[in-house]
Amino acid sequence: MKSFHVESIKQGWRLARDVSIFLFAILQLYVYFIPYTFITIKGSIVVPIIVFIVIATYEMIRGYRRDNHLSSRHRDLLAGFGMLQNGKYRTRLPVQGNDELGLLEEGFNELAEQMNVQLRTLQRLVDQNVMMIKQAEQAAMTEERQKIARELHDAVSQQLFALSMLSSAAERTVLQNPERAVSIIQQISVLSVKTLNEMRALLLHLRPMDLQNKTLFVALSELLEELETRTDVKFDLKFPEESCLSQGSEEHVYRIVQEVLANCLRHAEATYVKILAELSSSQFVLTIRDDGRGFDSAKKKQTSYGLMTIRERCEEIGGTARLHSKEGEGTEWLFQIPCQPLKGGMRDETDSNWHNG
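Per the working numbering, residue 1167 is the first one in the sequence shown, and the count goes up by one each step.
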């Protein structure tokens, strides 16, 4: 504001000076060429001085008022930008002229309108994303329920029906044909174990996932400890202390391990499962290997719903899944998932920062 006032004073003084000098020169010439007039030499000096004072005073007052007006417009612009920074995008400024400040005021209003439109667009996108997330969660829950219902119908309910039929047959033959009854009871025992494993696998799917305030290693350790107490399977977990995965990727990895273990309990008849995770500069590598009866992976991988689900979960986070299995040689899964780079490159299994479970 001070710079505005100083410049206005300078302009007023220059104008008054120039006019006074010009008037003084005219009067001096007039007196010189027409000596006997009503204008005296003294008057030719006083009049320019009076004119100088009047013009200088007028210009100073006019400049001061103009500068106050410009300063007010500058303050309004600064206040307007401050309100934009605080998120008040409906702020508008009056356009008070066709000068440079007027162009700035018009530009400010256009910018505020664009920001307001963008804000409304972002709010709509956020609302749409929230709705889509809810719909996706609902669809996932529905799909999971349908999957469990299908497995209950296709596996558990049929096995329970078979157990009921075998029990009735054993009851009818226990007196007439004891040897036949013993054979039926043995079938009941085998089928009961198979049904129990099916139920355990289904319960594994229903187990809630809670990774809040937990590392992936801790969550998997708790899962394996629970399974060891309920099954005859021995689990060996080796996991790095650091994690290069995002929270969403960790949740997918947890579900992948759940799915693989469910298939193992349901079909593999394994007694030992090893889970090994390794970190490289750009990948999270997970290997899950069991000593079960195995199967022909070339024939089954295209038809098994469970295997397809495992692959899809891995692909959703940009990873790849490889399956190797042969009858009588167990099954091995290899997952490679991209992650944030880590300093130090690949970890060695003897590193002290590895967890063993």
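None of these hints come from the bench; they were simulated from the model. This one's a predicted model, so the numbers in the text were calculated from it and none came from an experiment. Incorrect hints may have been included.
Distance ranges between label pairs, derived from CB positions [what the hints assert, rightly or not]:
#1 E1303 - Q1353: 53 to 59 Å
#2 E1303 - S1355: 22 to 28 Å
#3 E1495 - N1295: 20 to 26 Å
#4 T1453 - V1356: 30 to 36 Å
#5 E1482 - T1453: 16 to 22 Å
Mimicking SDA-like on lysine to any residue, the simulated pairs with C-alpha atoms at most 20 Å apart in a straight line are [what the hints assert, rightly or not]:
#6 K1404 - Q1502
#7 K1360 - T1397
#8 K1300 - T1397
#9 K1404 - E1417
#10 K1254 - F1274
#11 K1254 - Q1280
C-beta atoms are modelled at their ideal positions from N, C-alpha and C, and glycine is treated no differently.
Outcome of the hint check:
Remark: the range hint 53 to 59 Å for E1303 to Q1353 is contradicted by a beta-carbon distance near 43 Å. A C-beta distance of roughly 42 Å is found between E1303 and S1355, which places it outside the suggested range of 22 to 28 Å. In this structure the supplied range 20 to 26 Å is violated for E1495 paired with N1295, their Cβ-Cβ distance being about 47 Å. Taking 30 to 36 Å as the suggested C-beta distance range, the pair T1453 and V1356 conforms, at roughly 31 Å.
A beta carbon spacing of about 20 Å between E1482 and T1453 agrees with the range 16 to 22 Å that was offered as a hint. For the hint linking K1404 to Q1502, the alpha-carbon distance of about 16 Å falls within 20 Å, and the restraint holds. For the suggested pair K1360 and T1397, the alpha carbons sit about 12 Å apart, so the restraint of at most 20 Å is met. Among the hinted pairs, K1300 with T1397 is inconsistent with the structure: their alpha-carbon atoms are about 36 Å apart, more than 20 Å.
Taken as a hint, the K1404 and E1417 pair is honoured in the structure, with Cα atoms around 18 Å apart against an allowance of 20 Å. For the proposed pair K1254 and F1274, the alpha carbon gap of about 13 Å is at most 20 Å, so the pair holds. For the proposed pair K1254 and Q1280, the alpha carbon gap of about 12 Å is at most 20 Å, so the pair holds.
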